[in-house]
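Q: For the record, the sequence lines run as chains D and X.
So in the numbering used here, the last spot in the first sequence is 414, and the numbers never skip.
So in the numbering used here, the last spot in the second sequence is 220, and the numbers never skip.
None of these hints come from the bench; they were simulated from the model.
Think of the CB as a built atom: it goes at the ideal place given N, C-alpha and C, for glycine as much as any other residue.
Mixed in with the good hints, there may be bad ones.
Now the in silico label distances, taken between C-beta atoms and shown as ranges [unchecked claim]:
hint, chain 1, residue 1, chain 2, residue 2, range
1, D, Pro283, X, Ser38, 23 to 31 Å
2, X, Ile183, D, Thr388, 45 to 53 Å
3, X, Gln185, D, Pro53, 52 to 60 Å
4, X, Gly68, D, Cys397, 37 to 45 Å
Residues from chain X shown here face chain D by an in silico Cβ test under 10 Å; the list is partial [said to hold, decoys possible]:
hint, residue
5, Ile42
6, Ile62
7, Ile211
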Amino acid sequence: MPQTGPRLAVRLAPFAMLVVLLASAHPVQAQGTAAPDTVLADTTAATGSDVAPAAPRPPSKLTVKDASNDAGRALELQWVRSPDDLPGQSLVTQYRLERASAPSGPWTVVDSASAGSESRADQSVTRDTDYFYRVTAVGPGGITPALSVTGPVRATSQWINQTRWSVLILMVLFFGFVLFFISQAQAGKVPFVRRIPGIDAIEEAIGRATEMGRPVLYVPGILDIDEIQTVAGLVILESVARLTAKYETPIVVPVTYPIPFTIAEEMVKSGYLHAGRPEGYDPNSVRFVSPEQFAYTAAVGGIMLRDRPAAHIFMGAFYAESLLLAETGFQTGAIQVAGTANVHQLPFFVVACDYTLIGEELYAASAYLSKEPKLVGALKGADLMKITILILVLLGCILETANIHVLTNLLQTQ
Amino acid sequence: MKRELPLMITAAVGLFMILSFFVPHHVVSVPADFLQSSAIIIVAFGYVLGGANVLKLNAEAIYRRNPGWIYKLILVVALISTVVLGLFDGCNRKGAFLEEGSSSKWIYDQFYSPMSATMFSMLAFYIASAAFRAFRIRTVEAGLLAVAALIVMLGRVPVGSLATSWLPGWLQLPTMQEWIMEIPQNAAKRAILIGAALGVMATGLRVILGIERSYLSGED
Numbered sequence: 001m002p003q004t005g006p007r008l009a010v011r012l013a014p015f016a017m018l019v020v021l022l023a024s025a026h027p028v029q030a031q032g033t034a035a036p037d038t039v040l041a042d043t044t045a046a047t048g049s050d051v052a053p054a055a056p057r058p059p060s061k062l063t064v065k066d067a068s069n070d071a072g073r074a075l076e077l078q079w080v081r082s083p084d085d086l087p088g089q090s091l092v093t094q095y096r097l098e099r100a101s102a103p104s105g106p107w108t109v110v111d112s113a114s115a116g117s118e119s120r121a122d123q124s125v126t127r128d129t130d131y132f133y134r135v136t137a138v139g140p141g142g143i144t145p146a147l148s149v150t151g152p153v154r155a156t157s158q159w160i161n162q163t164r165w166s167v168l169i170l171m172v173l174f175f176g177f178v179l180f181f182i183s184q185a186q187a188g189k190v191p192f193v194r195r196i197p198g199i200d201a202i203e204e205a206i207g208r209a210t211e212m213g214r215p216v217l218y219v220p221g222i223l224d225i226d227e228i229q230t231v232a233g234l235v236i237l238e239s240v241a242r243l244t245a246k247y248e249t250p251i252v253v254p255v256t257y258p259i260p261f262t263i264a265e266e267m268v269k270s271g272y273l274h275a276g277r278p279e280g281y282d283p284n285s286v287r288f289v290s291p292e293q294f295a296y297t298a299a300v301g302g303i304m305l306r307d308r309p310a311a312h313i314f315m316g317a318f319y320a321e322s323l324l325l326a327e328t329g330f331q332t333g334a335i336q337v338a339g340t341a342n343v344h345q346l347p348f349f350v351v352a353c354d355y356t357l358i359g360e361e362l363y364a365a366s367a368y369l370s371k372e373p374k375l376v377g378a379l380k381g382a383d384l385m386k387i388t389i390l391i392l393v394l395l396g397c398i399l400e401t402a403n404i405h406v407l408t409n410l411l412q413t414q
Numbered sequence: 001m002k003r004e005l006p007l008m009i010t011a012a013v014g015l016f017m018i019l020s021f022f023v024p025h026h027v028v029s030v031p032a033d034f035l036q037s038s039a040i041i042i043v044a045f046g047y048v049l050g051g052a053n054v055l056k057l058n059a060e061a062i063y064r065r066n067p068g069w070i071y072k073l074i075l076v077v078a079l080i081s082t083v084v085l086g087l088f089d090g091c092n093r094k095g096a097f098l099e100e101g102s103s104s105k106w107i108y109d110q111f112y113s114p115m116s117a118t119m120f121s122m123l124a125f126y127i128a129s130a131a132f133r134a135f136r137i138r139t140v141e142a143g144l145l146a147v148a149a150l151i152v153m154l155g156r157v158p159v160g161s162l163a164t165s166w167l168p169g170w171l172q173l174p175t176m177q178e179w180i181m182e183i184p185q186n187a188a189k190r191a192i193l194i195g196a197a198l199g200v201m202a203t204g205l206r207v208i209l210g211i212e213r214s215y216l217s218g219e220d
């Protein structure tokens, strides 16, 4: 039986509506005037501009705790990332950390973390003050309101850094060794110290300068007094000044920083005084040059080439200028003795100098030169500590090989 | 007392700074931070002494017309003009000496920076002459050093990799240089560093305990 007009219209109505919907969603296609590839491009563009991306879902489970082992200067925040924060997607661009002194606000943005982050430390806190935190996700679709507020939490000072027990124990042990051997040395049991050719060469170099009637150049490194190598260099300077006073040979000491400069003056003066020749001290022997690395290098190079010292002694911390100084000195034909604990500069000194004190020999030099029982005793203490460290290293290797990490964990510090 | 008082202050401050390494509490850390940052005041006074020394030494040399006195004159003029211009900059720009457009920045860019770069670039020539001496094979040790240096240098450039790519992995230059740097070189370096670190501690302890006191001069 043929269908009547109204029933057919009812059946076709959904299709008609679909066509209308499609036409409204794809106006260009509906017009049918553009080429197929143009249609696709325009369609994509229309979709991108019309449908704005949604704001990312918020991060959750924000926890805030006091940073351990500090003076109450930081709080550590940790959260679970937004479910939309996935690798390769850019729905989340960053997390914004907000802080307030009350749960109702007002909120201040204290920091932000890039997408993928799950923790951050707020280091702008005031000690013993209550804070509330919340974390929001930011993306191209906007900012998501935070799920919850965490707090109150406060940063507090700790009395002991729990990660430094091992350092404390080893340091007390080391100080104990040193003090024991110092007392032994004071009681007359002066320990044996092996011959260090580099230090013996200092007297030889000064003797040669005396024979040639030329000065001795002493460089106590290029760093300030907060570098212990500079301290060691200045301590050796006293012994060197004593020798130059004894041999009546002028000494020239160019210095980089003002504090080492004043100490170097005292050292040279002390050397002349202990040698019984205070009148031989020349106030112009110690010269302040410049704290600038290459300005200092140029000045010392100038002294080498103009004054032609017969002996160059470099003791302290050196960097790129080590080879510039040592090679210039080599070209002048001076006898050169160097000492540094800067491992990367040692090869340059070894190549360009006649003798080189390596690492710890620099620190041993003052004891070796002065033969003072207390100083020599301190050397023996350091030797015993080295044996202890050696045993710990060997034990650590064995335990780690056996997949036992007790010792490694015990010795880890923060 | 002239010697005892400084020794007591040194010991007290030294032990306090050691304590601050283990005790992070603000009762200790705040004064410790203050002590460290206040050192800059002492350094500022030290610079006055240093500047006076530079002027005194060079003025004497200029006055006596010592050889090279003209260079000393240039030094003194440069020193004084830099200080004066720096003072003007400091007053005009509220202490921002090296801001773009300041005369201090101009001096830095036009004089100091090129001269410093020149000194640094000379290092390349010095390395060449030093390397020439270092790699002369006179003894077995020098021979080992030369061979190791050759392997490391070639192993770090593409030609080393290319030249030995047909060999088994462990014989290829990049692998060999990596082994030299990671095993024997690292072991030696760490041994030196451990020894030096203990030397640092021993020297520090000697200064704190007043055993090392030569820096106080010989006057009693």
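Q: Could you run down the list of hints and mark each one as holding or not?
A: Each hint tested on the structure:
1. Against the hinted window of 23 to 31 Å, the Cβ-Cβ separation of D:Pro283 and X:Ser38 comes to about 29 Å, which satisfies the hint.
2. A C-beta distance of roughly 24 Å is found between X:Ile183 and D:Thr388, which places it outside the suggested range of 45 to 53 Å.
3. In this structure the supplied range 52 to 60 Å holds for X:Gln185 paired with D:Pro53, their Cβ-Cβ distance being about 54 Å.
4. Judged by the Cβ atoms, the range 37 to 45 Å given for X:Gly68 and D:Cys397 is violated: they are separated by roughly 59 Å.
5. Given hint, X:Ile42 at the interface with chain D, holds; its Cβ is 7 Å from that chain's nearest Cβ, closer than 10 Å.
6. Taken as an interface hint, X:Ile62 does not check out: its beta carbon lies about 14 Å from the nearest beta carbon of chain D, beyond 10 Å.
7. A distance limit of 10 Å between C-beta atoms decides the matter here; for X:Ile211 the minimum to chain D is near 5 Å, and the interface restraint holds.
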